[in-house]
Amino acid sequence: MFDLFKAELLRFRWWAAGCVALQLVVLGFLTRVVDLAQQPLLVYRVFGAVYAAAGLLLGLYQMGGYRRPNTWLNLLHRPLAPSRIAVALLGAGAVLLAVGVLLPLLTIAGWQGGMTARVVDMRHVLLVGSAWIVSLCGYLVGAYLMLADKRQGYCAAVFLLLIVFSQATGFGAIALQLLSLAWLLAMVLVAFKPSLGTPARGAARTLVTAAPMTMTMWFALVMVGFGVEFLWIAQGSHPNNVAVPNVDGEKEIEVLDGKALFVKGLRNCTDPEAPLWREQAAIADIDGLFPGLGEAPARHQLTNIAPMEFDDPQRRVRWVFSHDTMRFQGYSLVDKRAVGALGMAGNAPFPAPVLPVGDNLLVDRSTVYQFDEDANLVLPRARLPGGEAITGYGKAGDDFVLVGERALYFYDARAFDGSDGVLEPRLRVPVPGRMGDVQRIDAMELLDGWLLSFSFARSSYNAEGTLPYQQIVRAFDDGRSVTVSRRDIARDYPDAWRYQNWYPSPVLYMVQKAAKNMLAGDMRPLPMATPPVPRTMQVLAGALMLFSLIAALWRVRRTDLSRAARIAWVLACGVLSVPALMALWAMYPERETVPDDLVAHPAMA
Amino acid sequence: MPRTQALMLQIATGDPRPISKQIVDAVRMKIATAELSPGDQLPSVRGLAQQLTVNPNTVAKAYAELTAEGWLESRQGLGLYVATPRQRLSDAERSRRLDEAIARFLHDVIALDYPPDEVQARLHREFLALAPRKSA
Amino acid sequence: MNDYVIETDALTKRYGRKLALDHLDLRIPRGRIHALVGANGAGKSTLFRILLGFLPPTAGSARILGRDSQRLTPEDRGRIGFVNEEHTLPGWMRVNAVTDMHRRQYPRWNEEAFRNVLGHYHVLPEQKVGQLSRGERAGFNLALALAQGPELLVLDEPTLGLDVVAKRAFLESLMYSNATDDCTVIYCSHQMEEIERVADNLVILERGRLMHMSAPDEFCARVTHWVADIPFKGPDPRSVPGLLQLQRLDGLHHYLVLDQQDDFAEFLRASGARSVQSMPVSLDRAVNGFLAKNHATPDAQRAQA
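Chains as they are written, first to last, in my numbering: chain A, 455 to 1059; chain B, 7 to 142; chain C, 1407 to 1711.
It should be emphasised that the hints constitute simulated quantities derived from the structure, not laboratory data. Keep in mind that the hints are not guaranteed to be accurate.
[Unchecked claim] Derived DSBU-like pairs (lysine-lysine); straight-line CA-CA distance at most 35 angstroms:
hint, chain 1, residue 1, chain 2, residue 2
1, A, K647, C, K1424
2, A, K604, A, K705
3, C, K1699, C, K1639
4, C, K1424, A, K604
5, C, K1699, C, K1573
6, C, K1573, B, K27
7, C, K1639, A, K460
8, C, K1573, C, K1424
9, B, K36, C, K1424
10, A, K460, C, K1573
11, C, K1573, C, K1534
12, A, K967, A, K604
13, C, K1534, A, K647
14, C, K1534, A, K604
15, B, K27, C, K1699
16, A, K718, A, K849
17, A, K460, A, K713
18, A, K718, A, K705
19, A, K604, A, K460
20, A, K967, A, K705
21, A, K849, A, K713
[Unchecked claim] Cβ-Cβ distance ranges computed for the label pairs, FRET-style:
hint, chain 1, residue 1, chain 2, residue 2, range
22, B, G20, C, D1569, 16 to 26 angstroms
23, C, R1654, B, A98, 43 to 53 angstroms
24, B, R128, C, S1620, 37 to 47 angstroms
25, B, S50, A, F456, 43 to 53 angstroms
26, B, I116, C, D1665, 49 to 59 angstroms
27, A, F456, C, D1665, 52 to 62 angstroms
28, C, S1620, B, L15, 20 to 30 angstroms
29, C, D1569, A, G681, 52 to 62 angstroms
Ideal Cβ positions, reconstructed from N, Cα and C, are used throughout, including at glycine.
Please model the complete structure; the sequences and the hints are all you need to start from.
Pasting the structure below:
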């Protein structure tokens, strides 16, 4: 086994060396020009894609070369178990990728950490490790593509999708990638057998290969939905693209201006002051707010939402946030030398990672900080109670508003610029719904408070979001708030569209949702008031499950599966519905029969 | 001590006769024409097989047939030797075999439409050509 | 210890509408050299792939060295050697590296046999396998296979494309090195000249079925070539007993027939032959005729007959 491993390593040694050289040149150049540790997310995704592609190419080439019938026979016909042969070859690939990916990146990171004043945290080392893991995943996907039957080899790619769409962060992201890697390795080991392309035998092996296949089939159905949407747009009647949005509909919410929105919302208002408001709405200034901030950085996050650095133009210093020390580390822009650390209000470590957002403002999950240029201090200015996340901010009249997860907080804007300490909000208005559903908030100032229109229509086109409605709240300066009007917004999309990803397989829908949000910690998406699934959709899903069960019963009879396997597959199709049926169809071809008309002439001798 | 006598024979693969038969015929011919004398040692099975580039089993089969017919004898531990000529076959058996050979010969030759005298003359000439060696 | 090294039971393999193996019942006994003969498409490669577990059968079963062919363990594989015409070896490795790997993997490695066989070819240990000529690679491959000390050695057209010298060296190594003393050899070839020299047992496969199995000269004795002068059209080919091949040459009818005795002459005379002769045929001709019977003939030739 070791011989094979060594031979395979020697085989590709020049390629690996070339890769290292190329990367050192490219990365070396880049790192002189920019700080590779402080790039926005997109840059890291591109790098990740390149490394995954490199791994994929290695897997395709290596296993593609071995899988030709005569070469495969020569490789596997020896007194060495196939799994050991596989481990030797895959191990060589892993080492090659370690040399090709890890080595140059670690070198650059080490140089940056040791020889410059730039920040290099443990999370950056983890990021480099993650690059290697991602390239290994690509490698195993390529290997599986070559070794498995062509009707199902592509399903290994579902793990790459998982890594891309997952919300996991920091150590959680690493853990998720390692889990994907482990499963991919199991898949390749299952496929690595003398008779290539035949279905796996045994319950465990079948599960290892069938589960990703089923998930891929669900994803394929989602893609079908995309295709339908594309055609719908091309045809011209897609609600999002019609010239004039449906009256009182979801799309209209997006395009209406604040005044018109208020007028619509107040149409059926029975409050005595309503006519007054309607008049005011037609002429007053309306301020708009959105929960548009996105996520705040998480501790030990591998990548960056945006570069975690800001400049002090006065002193020509750049401050970069370090997750390890939880302080800003600075270096002079003039001579690139370290300048020291900047903590919270002096030298205290920040409780959570802080993202600079411009205008000398910095935010973490629930606190707004301000950089005082003259005093060279970062001071907390506003803190939402109970660790509530800040989801957006803006101006309303003379006030500065923080949009929290559960409520709006109004601050005196002049006090913001004037004083130094932590401000208390003037007014707190609870949101009459879930922030995840909020598409826009419009604010009209009244003499003794505010009139706020909340439009809950953000995710009303899919199964997660609440059914769309607009609710107008009257907030008094003394803290009371009263709902004065509520109107249901007309649905632009029918139920069948909303639930298109749910009814083909309710179970798989929930599985993928859980997988996406697994290990995400604070990066989970904002909560929404998901309505219960309507009865018609449940019936449809049930009908599809029943259909899949019956179709599976018919299909398994025409395959080579054992009795236990048949029962298992029929049950799986019943529970997992259409995607499982599609997987069954793809993975198990019809049993070959030998019809009489193919029998050749009888033997002579 | 008698050394192995060289066996100069060829086999042809396109020949209708199987290889073992070709070897048997050739050895018999050599013994009959005194190219091989009684007491000469024949090459080993493997040696002859390698010389002719054939399967050793084929040579073994030929040797076995020759030994069964009495042309060769096996000496324990030493190898195969040409046997001393003695009557291996009874008169009746000899006569029968001659009849068979004549029948085959005639069968092959009859369609050629030669006059019997010419055939006989040719036959006589060939016998004479072999005879001097036989007596030597 | 099983008596048969290869045992198949109604083994069938289907590719689309074609049957590569058609209910094949084959039993090859232990020991000796067995030649497997068949036209292209007779199913030999498919048979070996299935026997070594690299292809699942459509129906029937196959056993090799007494084990189920689809469930061979690494130990089983160590007892079976396989050499095919491509002599596939990793081209980027050096000869000594490949040899070392084999030496370590096979417990019964026979260094002397290896050197004896390899000595016939001009192969240097530090050469890369990809740099060897076809004949050198074949010799190296055979040396590796023999030195493994297999119980069963399967050779699928091993001398294809080799020059005369290399071919002879290959055959010599196969038949005269003591490496094959306890080994059953299965030798596939199209070349009758080789088969005739090498085979103890002749197995004929045609269209995925076993057509014949016996010693070569026994088979050869069954086929005879009759020449008849028939002035008229001659008997309907379908009525000729045991007919393998019919040719009309220079107005004479040439019949290649199987298992016909002297009474075939009576049949020919009864069909109007003025003169009849017969002669035995070479193995090459016999096998050729046997296999040609089931081959497609160009329409012109059929019309002529």
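Okay, the hints, checked on the actual structure:
no., hint, result
1, A:K647 x C:K1424, "26 angstroms, holds"
2, A:K604 x A:K705, "43 angstroms, violated"
3, C:K1699 x C:K1639, "21 angstroms, holds"
4, C:K1424 x A:K604, "22 angstroms, holds"
5, C:K1699 x C:K1573, "30 angstroms, holds"
6, C:K1573 x B:K27, "25 angstroms, holds"
7, C:K1639 x A:K460, "73 angstroms, violated"
8, C:K1573 x C:K1424, "34 angstroms, holds"
9, B:K36 x C:K1424, "55 angstroms, violated"
10, A:K460 x C:K1573, "34 angstroms, holds"
11, C:K1573 x C:K1534, "22 angstroms, holds"
12, A:K967 x A:K604, "28 angstroms, holds"
13, C:K1534 x A:K647, "28 angstroms, holds"
14, C:K1534 x A:K604, "33 angstroms, holds"
15, B:K27 x C:K1699, "28 angstroms, holds"
16, A:K718 x A:K849, "23 angstroms, holds"
17, A:K460 x A:K713, "73 angstroms, violated"
18, A:K718 x A:K705, "14 angstroms, holds"
19, A:K604 x A:K460, "30 angstroms, holds"
20, A:K967 x A:K705, "26 angstroms, holds"
21, A:K849 x A:K713, "17 angstroms, holds"
22, B:G20 x C:D1569: 16 to 26 angstroms, "21 angstroms, holds"
23, C:R1654 x B:A98: 43 to 53 angstroms, "46 angstroms, holds"
24, B:R128 x C:S1620: 37 to 47 angstroms, "38 angstroms, holds"
25, B:S50 x A:F456: 43 to 53 angstroms, "45 angstroms, holds"
26, B:I116 x C:D1665: 49 to 59 angstroms, "25 angstroms, violated"
27, A:F456 x C:D1665: 52 to 62 angstroms, "59 angstroms, holds"
28, C:S1620 x B:L15: 20 to 30 angstroms, "26 angstroms, holds"
29, C:D1569 x A:G681: 52 to 62 angstroms, "60 angstroms, holds"
When held up to the earlier numbered hints, the structure conflicts with 2, 7, 9, 17 and 26 and fits the remainder.
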